[in-house]
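Chemist: Sequence:
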Amino acid sequence: MAFDWMNPGRRDFLKFSGAALVASAYPFTGARAADDVYRGHAMGMWEDPKHGPDFTHFDWVNPDAPKGGEIVQHAVGSFDSFNGFTLKGDSAPTGSIESLMTTNTDESNSEYGLLAESVAFPKDRSWVEFTLRAEARWHDGQPVTVEDAIFSLEILKTKGHPQYRFYYKNVLRGEKTGERTVRFIFDTANNRELPLITGQLPVLPKHYWESRDFEKTTLEPPLGSGPYRVESFDTGRSVTLVRVDDYWGRDLPVNRGQNNPDRIRYDYYRDRTVAFEAFKAGAYDFRHELTSSQWATGYDVPAIRSGEMKRETISHSRPTGMQCFVYNTRREKFQDLALREALAYAFDFEWSNKNLFYGIYERPKSFFENSELASTGLPSAEELKILEPMRGTIPDRVFTDEYQPPVTDGSGTPRANLRKGLDILRNAGWKITGGKLIDPKSGKPLEIEFLLSSPAFERIVLPFTKNLERLGVTSTVRTVDSAQYQNRMDSFDFDVTTDVFGQSSSPGNEQRDFWGSEAADRPGGRNTIGIKDPAIDKLVDLVIAAQTWEDLVTRCRALDRVLLWHHFVIPQWASTSFNIAWWNKFGRPEKTPKYEIGFTSWWVDPALAAKLKKSGG
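When the count follows this note's numbering, it moves up by one through the sequence shown with no breaks and lands on 637 for the last residue.
Treat the hints as calculated values from the structure; they're not laboratory data.
Have a look at the derived ranges for each label pair, beta carbon to beta carbon:
(1) 503 <-> 137: 38 to 44 Å
(2) 310 <-> 236: 28 to 34 Å
(3) 627 <-> 424: 49 to 55 Å
Below, in silico cross-link-like pairs of lysine to aspartate or glutamate (DMTMM-like), each with a Cα-Cα straight-line distance of 20 Å or less:
(4) 70 <-> 616
(5) 631 <-> 90
(6) 196 <-> 155
(7) 552 <-> 416
(8) 353 <-> 469
(9) 440 <-> 422
(10) 179 <-> 541
(11) 108 <-> 513
(12) 177 <-> 195
(13) 611 <-> 79
(14) 385 <-> 429
(15) 143 <-> 68
(16) 189 <-> 207
(17) 486 <-> 370
(18) 405 <-> 571
(19) 189 <-> 561
(20) 179 <-> 100
(21) 464 <-> 515
(22) 611 <-> 625
(23) 385 <-> 370
(24) 300 <-> 332
(25) 179 <-> 510
(26) 196 <-> 207
(27) 405 <-> 421
(28) 196 <-> 174
(29) 440 <-> 370
(30) 552 <-> 519
(31) 440 <-> 459
(32) 87 <-> 610
(33) 177 <-> 230
(34) 614 <-> 67
(35) 440 <-> 489
(36) 330 <-> 297
(37) 552 <-> 541
(38) 385 <-> 519
(39) 179 <-> 167
(40) 87 <-> 251
Even glycine gets a Cβ: it sits at the ideal position worked out from N, Cα and C.
Using the sequences and the accompanying hints, generate a full structural model.
Modeler: Structure, rendered in structure tokens:
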């Protein structure tokens, strides 16, 4: 991974990591030698990389972008560590950690050499081999070595965050095969994703970490090899990164036109509302707006009218995945499928979209929303070949109905939907006694706590709880700070919360972490729901084992249907565009990459910055 200074913490990797950014419908051919081993500067999963070995830069950047200036970013919450590789603490950015390969956010499912100058793997993808760049250096001047790469795999699997242990589970070991060459051996063959997963391996300096406790939080900025390093910090409040003047990889094709500011400062805010007000006051420079009401009404400010602040909506092509209310099925009450289905009828998306979101969202109907992998209609003949042997172990409606989340009249009082939900509950043995919904197993009234990390989300949840009250459900809303929220999520201490299951367009090994039985009780894991289902495990294994794009599509759609009809979640909303705002001090390339904002390619324009400063912005 190259340094992404849009994302200040480790959580983005932990939540959204997957070998493939996006996928293609073509087979990977590549350049193979007589021994049937692919060797090249880059690798793909289904097709050849877009850029050949002689490319000079990605085509969405300005390769001559000027360096200089300072930008201020924001983060919500706090930090108490610079070690983002363990379960402990909340980490801050360092700008210093790099991986063997990096992605191009404008193309389908490819990785290009970063620390590695080349990659090789056999037809069956039973191993992958990387040749490190001779010029790659740590910030202390020592070379990045094969031993560093092997050490990184070992320490992340044994002492790192549980996510890393799971992510690299199929990578057995690393072996030194040359002075600058390391081979990683897999425990299985024909897993097309494993070479790309291994290419994402963060490489850590062995000589630095051998004398330190890797599992502890630390406010000592770690040694790295990347374009930035920590210059100064105020614990929990701010971190300033400075560009490394002699950064070894500055002129690599994958880096040209990026990492342009001399300094990047991250200021931390206690909540999103305070952060938004700070942006309008000019406290930081760029904002990816995630709140629809703020986007619709909050930017009617003098700075927009004067041109000192800019804003834009940019369409993107990446899958939106599933943002949703998540039931914790580790709690006995949520092991009842009928209950999970019934409660969904109390969420009035249509009213929320009209009155809270200004009509800008759509309702996701798939865990692979906005992609070819999303299930629609009834199962195809190819899907049925997979699903029929599972009949009786998966929901019957997989075979008979197309999944659709409940639709309301948008009135805010969805009487028809509530009656439907109540009918489902009564048919499952639930009763209303004294205005309370009674659990047929425990004989106790149903109580639900919604766990939130932001007060801004309360306006969305509270109307939901009012409708739940009409079903006899006692609901409470518990909003906690970001650190407490993360601790409770890591230990699965919640009833219902909001989660996002982000997807690439070529899902693979990360699906085990989302839905796999083995991940259900692993602290800090991404199986938030707590799914332990042999049929789902089998479907996930089939997705991972797909050898053609057509097989992957079929298997993802089959998995999607089963997940949806289990009613593990209540879909919330999705958008296929980025809403961004910035203070007018930047130059930017003419092109935006297909799958990201591309902010890492922007630069500070001295004339615009001076004009803005003069005006007081």
